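Student: Listed below, chain by chain, are the residues.
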Amino acid sequence: MKKLLEIALGIVTSVGGFLEIGSIATAAQAGAEFSLELIWVIVLGGICIIFLVEQAGRFAAVSGRTLPDAIRERFGFNYFAFMYAVLGLVSLLVLSAEIGGVCVSLELATGIGFHWWSIPVAFVIWLVIWKGTFGVIEKGVSVLGLVTLCFVVGAYLVHPPWSQVLHGAVPSLPHHNSARYWFIAVSILGATISPYLFFFYSAGAIEDEWKETHVGINRVIATAGMSFGSLISIAVLILAAMLLLPRGIKVEHYSELPALLVPVFGAKGFWLLVASLGISCLGAAMEITLQMAYLTAQGFGWNWSENQRPLDEARFSFAYTATIILGMLPVIFGLDPLTMTVFSMAATAATLPVSIVPFLFLMNDYSYVRIYSNGWLSNAVVISIIGLAFVLAVVTIPLQIFGGG
Amino acid sequence: MELVRDCLDKQVDDRTKRRMGRVDGIILVLEQDRAPRVAYIEMGVTTLMNRLSVRAGRTVARWMRRWGISPDPFRIPWGKLKIGLNTVLADVEADKTPALEWELWLRKKVIGRIPGA
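These protein sequence lines are chains P and U, in that order.
Counted the way the working numbering counts, the first sequence spans residues 51 to 455.
Counted the way the working numbering counts, the second sequence spans residues 263 to 379.
The shape of chain P in the complex, shown without the other chains (with noise of 0.2 Å):
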């Protein structure tokens, strides 16, 4: 019984905190310019992710290490300072777009200016992880965040064309404009395969004790949890299909998101997008935010844990104090929160090889994982994942260019 509930929580904690400002946004994006075609790419990134995030719990449970503990010392400092660097800023940027995103919500709500929501967004963000503990940031505000299940509720009322949502599921090429197709394809992967998620997953199983005995429990979760977020993604983006695109909407602002629910809910749907918008990118912050820490702290070897008193551990609490004043300053600067979303996601599919790469050795030297190492599956998954992030590296600026705007 006990399982069974740490299961249901862990997939409700998975399901509530997956969605973000990058995949409502490129997946509205997708919808909106290409109908349906594009699924099967959130698809595929949800595969990706599911294997991903699974290795990193089986990875924290068995050795009882986080990744960046353990890169460190596989790796080396050299290969750790480059990792921190391009993950750093990319994290940097990612938290900005979420910033970005809450502000934007309130502006939805308010009319108030985004920027001028920033320095208050910010100190929430700060607050709550200031005074709350792991179980709340990381069970609190998924839990809040399944709001988000309103577009899939709204996705089923639109009735889409269930045979071509199938088909859209099979990977196809574009019929036009390639060059924006295949950018906004490198921006899904980019806001599903999210290196925040799998390392915050990482620290978090640290963070909840996690043994060997739940291997079976963080493959449970990893799945369901991945799977049904995916569900969210794809929902959003049959949304698009049938209600932006017939009216040539084509998401340029956020202040057009709106139109993805008020046809379904009528003024409550208003109310809903700007609840989603909000609650999901304010979790998304919070996580990035200590997945920074988290990494500074494992990275240099000093104490950190969401749980303990910030007194305790002052470079841990400096290090997400540094981090939130750092993300909220493009928003300030009234940097379009769309495009920092669009800029952030490339950014990350472009970065994926750093992080992912370490994984294939990682989660096969036995005196980390010893019994638990990866099958045959597991590593096939890895390498083809490593082999798309560097595909993803090389044409990821290309496509910025010629299919960004």
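Honestly, the hints are just simulated from the structure, not real lab data.
These numbers were taken from a predicted model, which means no experiment stands behind them.
Among the hints, a few may not be true.
To be verified - What follows is a set of in silico ranges between Cβ atoms, one per label pair, in the way DEER data are often shown:
no., chain 1, residue 1, chain 2, residue 2, range
1, P, Gln358, U, Leu314, 49 to 59 Å
2, U, Asp357, P, Ala317, 53 to 63 Å
3, U, Trp325, P, Ser434, 41 to 51 Å
4, P, Gly425, U, Arg299, 42 to 52 Å
5, P, Asn128, U, Lys344, 47 to 57 Å
By construction, the Cβ of each residue, glycine as well, lies at the ideal position given by its N, Cα and C atoms.
Position chain U relative to chain P; hints supplied.
Tutor: Here is chain U on its own, set in the frame of chain P:
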């Protein structure tokens, strides 16, 4: 034992199991007609920067001196260490070593002054 594999970059805990940092460098002593001897482990930003490049190490050391901070890394004699599977246990009290200097400074001057810390 293989020094790089089993010791370098490992987590260092003090005698109360408090995290101090990582093994940023290892100092070997070369003596006439004798095998090299492991003398210390080093912890500190200049040691790390030196691993990236000697120029980066010198630049950081220069900046630290300019700000009145000692650039010398903290050394722990090899005899005070116990190399474990996951961590290196140091027979020292972390709070009384320069390894936690910045932690204690932040605690006193910044974090400790914020309500609710």
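Student: If a hint holds in the structure, say so; if it doesn't, say that too.
Tutor: Each hint, compared with the structure:
Checked against the given bound of 49 to 59 Å, the beta carbons of Gln358 (chain P) and Leu314 (chain U), roughly 31 Å apart, lie outside it. Between Asp357 (chain U) and Ala317 (chain P) the CB atoms are about 59 Å apart, so this pair conforms to the stated range of 53 to 63 Å. For Trp325 (chain U) and Ser434 (chain P), the Cβ-Cβ distance of about 45 Å falls inside the hinted range of 41 to 51 Å, so the restraint holds. As the Cβ distance of Gly425 (chain P) to Arg299 (chain U) is approximately 44 Å, the hint placing it in 42 to 52 Å holds.
Take Asn128 (chain P) and Lys344 (chain U): their Cβ atoms lie about 27 Å apart, and the range 47 to 57 Å is violated.
Of the numbered hints given earlier, the model fails hints 1, 5; all others are met.
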